[in-house]
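Engineer: As a plain string of letters, each chain reads:
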Amino acid sequence: MTENENITNDPIIICEDVHKWFDDFHVLKGITTTFKKGERAVICGPSGSGKSTFIRTINRLEEHQRGTIIVDGIELSNDLRNINLIRQEVGMVFQQFNLFPHLTNIKNITLGPIQVRKMSKKAAEEAALALLERMDIADQAYKYPAEISGGQQQRVAIARALAMEPKIMLFDEPTSALDPEMISEVLDVMRELAHSGMTMLVVTHEMGFAREVADRIMFFDEGVVIEEAAPADFFDNPQHERTKLFISQTLQH
Amino acid sequence: MMEDNSPKVISDKIPFYRDIRFLKVFFQILFIIGIILLAVFLYSNMLNGLSKQGTELDLTFLNSEAGFELSEGIDFDPSETFLKAFWVGIVNTLKVSILGIFCATVIGFFFGIARLSSNWLIRQIASVYVECFRNIPLVLQIVFWYAIMLVLPGVGESISLFDSIFINVQGVYLPSLEGTAGLIPWVWYLLAGIILAIIVVLGLAAYRYFFQFRELHETDRPSFISNIIFGAKWVAAPIFLAVAIVGWFLTPEVPFELLQPELQRFGFVGGMNFSPEFTALLIGLAVYTSAFIAEVVRSGIQAVVKGQREAARSVGLKESQVLRLVVIPQAIPVIVPPLTSQYLNLAKNSSLAIFIGFPDLFQVGEIMMAQTGQSIPIFAMIMVSYLIMSLTTSAFMNWYNHRITRIGR
Amino acid sequence: MENLTFTQEVKPPDTKKGPVKWLKDNLFNTWYNTILTCLALVFLFFVFRGVLTWVFTQANWQVIPANLQIFSIGPYPLEQIWRVSYVIYGLAVLLGLSAGIWNGLTRQITVVIGCLGAIILLLPFATSIREQTLIATVILAVSFAIGRNKDNWKQWVVVGWVLSFPWTMMMLHGFGADTVSTTLWGGLLLTLILAAVGIVACFPLGVLLALGRRSQLPAIKWVSTVYIETVRGVPLIAILFMGNVLLPIFMAGDFQLDKVIRAMIALTLFSAAYMAENVRGGLQAIPQGQVEAAQAVGLTYPKATLFIVLPQALRAVIPAIVGQFISLFKDTSLVAIIGLLDLLGIGRSVLGNSEWTGLQAEVFLFIALIYFIFTYAMSHVSQKIEADLGVGKH
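Chains as they are written, first to last, in my numbering: chain A, 1 to 253; chain W, 1 to 409; chain S, 1 to 394.
Next comes chain A alone, as it looks inside the complex:
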């Protein structure tokens, strides 16, 4: 485990008593937490525990119904401008990649910068190529997503999110849909990103990654955070029964 020298004391995401219902189902039951600039948080928990819903509320893909979320000083509310601003500040990587199948990889990446950030086409493409270089897939730039492997697609998706130069990156189970042999190439990229000082919220079941990279692990169960701790404490000295069970189950694999 490496010490995170990038972590600061400035809070960048503040959640206070965040609630969310799907119809009658209470998914998030009052989440209160603060993420600091440069922090790497891993969120884990059994499926249906609300962890994905939680990070999706942070860029307003899901609307929270009670409480406040403040991202980079902007409150998420019904203010159209704020939502647009926040989505530019927050990059997101999905479980199913969600690349745009009708666009080449490089166009997938340049779409946001050109349309939202109003970059010139040339500058956007240069930046995109640099990102693909960083992801080690520069040679796939002009192919379509369907023509490359899952691991490569997920790296394009990460590049797409990074192209918007976000301050925060959200990862929603980025390796769950990948074949085992491709997981490490995506995790490598994420590791590199973590060391560059990016603020990251990662929902994942990759406990090795969590132990190595995270500053904090949050354990979700039934819509509440039942335990949060630094990886060492979390893995070696879990407090809750649920957490113990979860750790023993996931580490068996």
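Check each hint, because a few of them may be wrong.
[Stated by the list, open to error] Lysine-lysine pairs mimicking DSS-like chemistry, simulated, CA-CA at most 27 angstroms apart:
| no. | chain 1 | residue 1 | chain 2 | residue 2 |
| --- | --- | --- | --- | --- |
| 1 | A | 143 | S | 221 |
| 2 | A | 107 | S | 154 |
| 3 | W | 24 | S | 221 |
| 4 | A | 122 | S | 154 |
| 5 | A | 143 | S | 384 |
| 6 | S | 384 | S | 150 |
| 7 | A | 29 | A | 107 |
What the hints contain is simulated information worked out from the structure, not anything from laboratory work.
No experiment lies behind these values; they were computed from the predicted model shown.
The hints should help you fit chains W and S onto chain A, whose structure is shown.
Structural biologist: Coordinates of chains W and S only, in the frame set by chain A:
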């Protein structure tokens, strides 16, 4: 923002022009206002246009004397009202649609299955049939059949099939089933049978629900409705059939008789007569739609993937069982929705009757417009009639789809 | 050395091929298939004998070559016929260039059209249109040769296709004093134009209605749904009549549209509802994740729709749109009822000529053949497109 250490929250108060909740309502109101303005504009134009034509919106004409004859349909006299004439049109539309749907289904299923035959020649004939009739505009087919009807031999030289079907320039003559003096008593027997069946079924259901299964827990106990369905299936149908059969023999006269058309001095008398217009329209609608139905059937059966059939065979089912137990139950849910929309198309296409002068609801409406000049209300009546037909059908479709998805495919 | 370890190749057991085997497998494999085959052969014999006797001995085909020009352009004035020719030449240039640039389906279509041109040249009775056909075919071939491998022309050719539509209309109508009123448009020309206008003009309206029906805003959703379901619930002929009878009442002032334009409006309003349902099918097929990903990179609703949702949705429904075009093409035959001289209308007016009375079967069959050729070709193309889309899915 970078130099700020403490996060400051941008304004709690959202200006209304950026508030999503406000914008949503605002856009909808704007949209509705736009629609209303358009409607008002059209309405004032309409009033202008009507006054220029010298007519006024007026529905009283519906009760005045029509003054025109209709070539066929339920009895209609020129002295009857416009409303009655319109009703005759509706009945004619329903008649040709229902008969057309029946014929199109039979022919369509025949050719659809033929397209999947293992016999190459049959397959080819079926696909030529489908390709030909589906790629030629229906109206062309209808006027073509009508042209054929008009060059058929005269009454004297009628083409005769089995001495009971006669085809000539005046149309097609078929034997018909006519009710006799025995019909009314028999209908009473049928009613009695229905009532008896209902009583027995309700009683049985009540007995099963309150006594037989009383000990079972609420969740295990068959519901009252399912008890009724059980009864309807196993008790009501036999009772009804028995009463109907007994009644058939108890009535003084056999309730129905077959009337053969017979050639007399002024043409055929007795039996059923399809006019040339009706026949041409019916053939056109049935043949055209059957080509589409054949495709629906074919793709429905093919949609039951090969794997399913192979799995069924591997369990050891015979070929006929595979078809009956595996293929058809899975193909039916695929077939029914497009089939219904073909039925609907057929009903709407029956409006092409106007090309050959068959008095369906559209043509009657057109005559009424020409007679009264009240085109707007009559159009509204035509539209509503067709809409009722299609909305009922879609309602059925939704109900059916709901049921199918609930069973789970 | 490794080769030695291969055992000798095992041949599959007896795979006899040939006509006898084929017959046995496909026509006489079981006893009931044998009976079916025989019955079918008898049936075919009688049908063919009947049809061939009628076609070669009883039918009077004179009516077709004598009216060929009327069938193709209707009462369009002869001294203005160069307009039609120029339109065809223009389209031939575009088609040829496209076939050169895009290989595959476009090229196949072009080859078929070229062959059709050649066949028309060889028809003995088609003298009146021989010269134009020759020029058009040559233009097609030449522009094909020019367009080969000119990849950088792509954009311009697309622009050309977009402009070809208004250009065609202006060309046919003419401007200034020298115009051909739309009432003089007829025959196959009018049929094709009505179908083209219907499908092109209904497209934007249909897309908007489809988006409206899937909108989260109830007012917009309900208005779109009511429009779509109402139009789909009534026959086209009722809408054509409405266009013809009611539109003049609803139009403001003394300005009145002529019959052809009214028919075009009716066809457009009608097919927009069907187009909307097709597009909606495509919209439904797009995973929610696409929209979310678009939102996550900061695209607003209009931009996400324009750049992400619509391109994918429309690509998915191309076959359905071709199918709709086919039925619209057939449906244009209904305009005959409001007095337009499309193929069917012109056929009926020819039959009204005392010289050609009683030749219904011949005329209707000829018109049916034209429709059949067009629709069959189009459905063939649509199947090809469907296959192509299925293979390279991006």
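Engineer: So, for every hint listed, does it hold in this structure?
Structural biologist: Okay, the hints, checked on the actual structure:
1. A:143 / S:221: Given that 27 angstroms is the threshold and the Cα spacing comes to 38 angstroms, the pair is violated.
2. A:107 / S:154: At roughly 19 angstroms apart (the allowed maximum being 27 angstroms), residue 154 of chain S and residue 107 of chain A satisfy the hint.
3. W:24 / S:221: Distance ~13 angstroms between residue 24 of chain W and residue 221 of chain S Cα, so the pair holds.
4. A:122 / S:154: It holds: about 21 angstroms lies between the C-alpha atoms, which stays within 27 angstroms.
5. A:143 / S:384: At roughly 24 angstroms apart (the allowed maximum being 27 angstroms), residue 384 of chain S and residue 143 of chain A satisfy the hint.
6. S:384 / S:150: Holds, because 24 angstroms separates the two Cα atoms, which is no more than 27 angstroms.
7. A:29 / A:107: Cα-Cα ~40 angstroms, so violated.
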